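> The chain contents come next:
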Amino acid sequence: MSGANSPAEPPHIEWRPSRAWLAAALPSIVLLLAVFAVPFLLLTENSFRLDEGLGQLSAEFTLSNYISFLTDSFYLSMLGRTFLMGLVVVLACVILGYPVAYFIARSSGALRGLSMFLVVAPLLISLVIRNLGMFPVLGESGLVNSILMSLRITSAPLVLLNNMIGVEIGLTHALLPLMILSLVVAIQSVEYDLELASASLGAFPIRTFFFVIVPLTRSGLLAGSMLVFTLAISAYTTPVMLGGNRVLVMSTFIGKEMLTVLEYGVAAACSVVLVTVTLLLTAPAARSRKTT
Amino acid sequence: MRTIFYSFVALVYTFLLVPVVMTVWGSVATSPMLTFPPRGFTLDWYRAIPAEFFAALTVSLEVAIATTVLATIVGVPAALAIVRGGFPGRSIVSAFCLSPLMVPTLVLGVAGFQFWTRAADVIGYNITGSILGVVVGQSAFTIPYVIRSALAGQANLDRSFEEAALGLGSSPIRTFFTVTLPLLAPGITSGAIFAFLMSLDDVPIALFMGGGAATTLPVKIFTSIQFSLDPQIMAIASLLMAMSLVLMIMIEAIFGLEKFFGIRKSSH
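Chains as they are written, first to last, in my numbering: chain A, 1 to 292; chain B, 1 to 268.
Simulated from the structure, these hints should not be mistaken for lab results.
No experiment lies behind these values; they were computed from the predicted model shown.
For glycine and all other residues, C-beta sits at the position ideal for the given N, C-alpha and C.
Hints may contain errors.
[Stated by the list, open to error] Sample of chain A residues facing chain B (criterion: CB under 8 Å; computed from the structure):
1. Ser28
2. Leu84
3. Ser108
4. Ala110
5. Ala121
6. Met241
7. Ala267
[Said to hold, decoys possible] Computed list of chain A residues with no C-beta within reach of chain B, every gap over 10 Å:
8. Ser18
9. Leu32
10. Thr62
11. Tyr66
12. Phe74
13. Tyr75
14. Met116
15. Phe135
16. Glu140
17. Arg152
18. Leu158
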């Protein structure tokens, strides 16, 4: 999902506007009803049914899945863990992404082309493969640990896989390019003259960065953060692969309920909660972009 | 100050690229997996890639081609209708067609599985666990991607070319096929390539809607590493990356990667 990009209003054009065009849109509408809208409605319906074991659902409706979600500390702590994970990933992406975005936005020619290419290229490599590549980096005798140990920073290898740290590193790696893209666009729109003015008035580059660049790129920062946060809390592949089935967040829990526990009602309720949270977070951002 | 800045930037680039390097390196090393630095050189792991991985690659390509073709055939006319049509509720149609992109793919997969297993009682045939099932599941996001790309393509379209063609007496249908469609080709192509890539990338939907003979390569890698991590997996992963690289160079040559990603953002 990449909902942050709201669709452009269709431009008004006076060329053969006719109701017959509806026929051209019909196949898409019918297909999306069948593969998306109706399944999603059924999912919502199932979320109001009780699990009776082995994927069977009760005939009558109940709110109990949602009530236990709001009262059971198991679900609430899982929701909290999921949000915390999202925040850590956003923070990591901001800290790592800003300098790179600045570097790209203020470079030109072949250097800019190459530095942009290296950021975007990982997006075209399958996520599963990028996660796979984290194993030799984060493993017990992997790249990070062998560097840390040879520099005598740690005496025993750090555990960076099959836990939350591994998941957060993996998600940061997966989503950092999106944050950088979002920030590059924002930084580019800041006139370089403003930085020169700030410098000529005696501000150090760091001061200029925090008092000129960051405030002026606030909207890009916000859009990038929202995108990274919503994608992080709903990601499934990376938390399973790098969490080694030991990290329990919303998405991995839903996967477990579907594949091993076979409680489709609970899985449906958690899915609805996840979608609701995502929509609540992205809708205001999309609206504010429309007005500006 | 300057040095610190450039070193930091270099470090972040290292972070971005190091998993890719380590995968390829691990696929040709003779030393045990996951030790650093990998030592030795061999191509044996490539020869030892199990046949089931190639079978999964075939499934992946079949699914990706099918869903991309389907999405392009139904998505492009819908995008044209949204921009040019005179029917009421165009903006609702547009919002509806793009709404699946607001939903995490995990949820699309869960919803698809629950719906089609229930629908099996009615239609007498369960599409989950088949290639058709994966194609149906993934169409929920490939169709919106194609539509979004074709909408963006039309927003940048200079209508005066069409007006000129019509003004010079060309029929509307002829104008459409000789002027409009060629002008829209880049937007349509980039939407199709993007849908194809997202299909190849997808795990959650392919996991829930596929399985068995309909196991795609990402799902195969995803499930097998939960039991063991072999250098053969690094080898098939390197082959897949080589495919991506070819595609990437093609995109860079045709559109420019930056522009390609400028109008849309990836999803996982």
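> Compare the structure with each hint and give your call.
We went through each hint and held it up to the structure:
A cut of 8 Å between beta carbons decides the hint on Ser28 (chain A): the least distance to chain B is about 4 Å, and the hint holds. Taken as an interface hint, Leu84 (chain A) does not check out: its beta carbon lies about 18 Å from the nearest beta carbon of chain B, beyond 8 Å. At its closest, the beta carbon of Ser108 (chain A) sits 13 Å from a beta carbon of chain B; the interface hint therefore is violated under the 8 Å criterion. Taking 8 Å as the C-beta contact cut-off toward chain B, the hint placing Ala110 (chain A) at the interface is violated, the least distance being around 13 Å.
A hinted interface residue such as Ala121 (chain A) counts as satisfied when its beta carbon comes closer than 8 Å to some beta carbon of chain B; here the least separation is about 6 Å, so the hint holds. Given the 8 Å rule on beta carbons, the hint for Met241 (chain A) holds: about 7 Å separates it from the nearest Cβ of chain B. Because the closest C-beta pair between Ala267 (chain A) and chain B is about 6 Å apart, less than 8 Å, the hint holds. Listed as a non-interface residue, Ser18 (chain A) fails to keep its Cβ farther than 10 Å from every Cβ of chain B; the least gap is roughly 5 Å.
Not every CB of chain B is more than 10 Å from the CB of Leu32 (chain A) (nearest about 6 Å), against its label as outside the interface. Non-interface call for Thr62 (chain A) relative to chain B: holds, since the shortest CB-CB distance, roughly 17 Å, exceeds 10 Å. Interface exclusion of Tyr66 (chain A) from chain B stands, the closest Cβ pair being 16 Å apart, more than 10 Å. Non-interface call for Phe74 (chain A) relative to chain B: holds, since the shortest CB-CB distance, roughly 20 Å, exceeds 10 Å.
Annotated as non-interface, Tyr75 (chain A) keeps its C-beta farther than 10 Å from every C-beta of chain B; the closest such distance is 17 Å. With a minimum CB-CB distance of about 5 Å to chain B, Met116 (chain A) fails to clear the 10 Å threshold, and the non-interface call is violated. Not every CB of chain B is more than 10 Å from the CB of Phe135 (chain A) (nearest about 6 Å), against its label as outside the interface. Residue placement check: Glu140 (chain A) does not keep its beta carbon more than 10 Å from all beta carbons of chain B (closest about 7 Å).
Distance to chain B confirms Arg152 (chain A) as a non-interface residue, since its nearest Cβ pair spans about 16 Å, more than 10 Å. Listed as outside the interface, Leu158 (chain A) is consistent with that label: its C-beta sits roughly 14 Å from the nearest C-beta of chain B, beyond the 10 Å cut-off.
In this structure, the earlier hints numbered 2, 3, 4, 8, 9, 14, 15 and 16 are contradicted, and the remaining ones agree with it.
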